[in-house]
Amino acid sequence: EAEVAQSPRYKITEKSQAVAFWCDPISGHATLYWYRQILGQGPELLVQFQDESVVDDSQLPKDRFSAERLKGVDSTLKIQPAELGDSAMYLCASSRTQGKLFFGSGTQLSVL
Amino acid sequence: QQQVKQSPQSLIVQKGGISIINCAYENTAFDYFPWYQQFPGKGPALLIAIRPDVSEKKEGRFTISFNKSAKQFSLHIMDSQPGDSATYFCAASMKTSGSRLTFGEGTQLTVNP
Chain A
1 EAEVAQSPRY KITEKSQAVA FWCDPISGHA TLYWYRQILG QGPELLVQFQ
51 DESVVDDSQL PKDRFSAERL KGVDSTLKIQ PAELGDSAMY LCASSRTQGK
101 LFFGSGTQLS VL
Chain B
1001 QQQVKQSPQS LIVQKGGISI INCAYENTAF DYFPWYQQFP GKGPALLIAI
1051 RPDVSEKKEG RFTISFNKSA KQFSLHIMDS QPGDSATYFC AASMKTSGSR
1101 LTFGEGTQLT VNP
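Order-wise, the sequence lines are chains A and B.
The first sequence begins at 1 in the numbering used here and counts up one residue at a time.
The second sequence begins at 1001 in the numbering used here and counts up one residue at a time.
Honestly, the hints are just simulated from the structure, not real lab data.
Quick caveat: nothing in here was measured; it's all calculated off a predicted structure.
One or more hints might be untrue.
[To be verified] Below, a list of computed lysine to any residue pairs in the SDA-like style, where the Cα atoms sit at most 25 Å apart:
#1 B/Lys-1005 x A/Met-89
#2 B/Lys-1057 x B/Ile-1020
#3 B/Lys-1095 x A/Lys-78
#4 B/Lys-1095 x A/Ser-53
[Stated by the list, open to error] Far from chain A by the CB rule (all over 12 Å, computed), these chain B residues:
#5 Lys-1042
#6 Gly-1104
#7 Glu-1105
Backbone N, C-alpha and C fix where the C-beta goes; we use that ideal spot for every residue, glycine too.
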């Protein structure tokens, strides 16, 4: 069964450092999402891509976060500089049809 | 603005019992309502979903009940098993917003043996 691949699984960094997360969606899925999930809460959308174009980045803190999906396949989410409040699970998901999102296992970020 | 509200926050059920989780939404433009199951250290996985043109959908031990006039929907897990212990999220989406999901706060379900 095809899966959404994410790396790394865990990332520990110090405040003010730069971090990057990578996502490879399920083949054929044109829509890719990055969600952030704080412990004990539901995932919240950061950015949505349709192919290589950003559809919605209204909740992305653009002063420190950036996301790209250059060839419309895999994607990278970057945080620079990282802050203590960025500690969370960063989830990538992809979909082909409405609402049927398939999530990866996420990157657990700890900012010290 | 919290568009999807979920309750209870946590739920403890005995093996064989029925687990019921409720969600309420505000935006009447939502047209797709899935439930996701999440185990520790894993991403959410789609469990079952419903569209507002039906009032109930059943898949195995899992049933969604949908009340369009009340803007509420619920997940029922029949014959709950210890393996069902996980966090459950309701969600909603609309085609006009690119199908992205808005999630509830989650319910941590524990099924005791």
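Status of each hint after checking the structure:
With a C-alpha separation of about 21 Å, the suggested pair B/Lys-1005 and A/Met-89 falls inside the 25 Å cut-off, and the hint holds. Restraint check: the Cα-Cα separation between B/Lys-1057 and B/Ile-1020 comes to about 14 Å, which is no more than 25 Å; the hinted pair holds. Annotation: proposed proximity of B/Lys-1095 to A/Lys-78 is violated, straight-line Cα distance about 28 Å (limit 25 Å). Proximity of B/Lys-1095 to A/Ser-53 is assessed by CA-CA distance (about 17 Å); at most 25 Å being required, the pair is judged to hold.
With a cut of 12 Å on Cβ distances, B/Lys-1042 falls inside the contact zone with chain A, its closest approach being about 6 Å. Separation of B/Gly-1104 from chain A is inadequate, the least Cβ-Cβ distance of about 6 Å not exceeding the 12 Å criterion. Separation of B/Glu-1105 from chain A is inadequate, the least Cβ-Cβ distance of about 5 Å not exceeding the 12 Å criterion.
Against the hints set out earlier in the document, violations occur for numbers 3, 5, 6 and 7.
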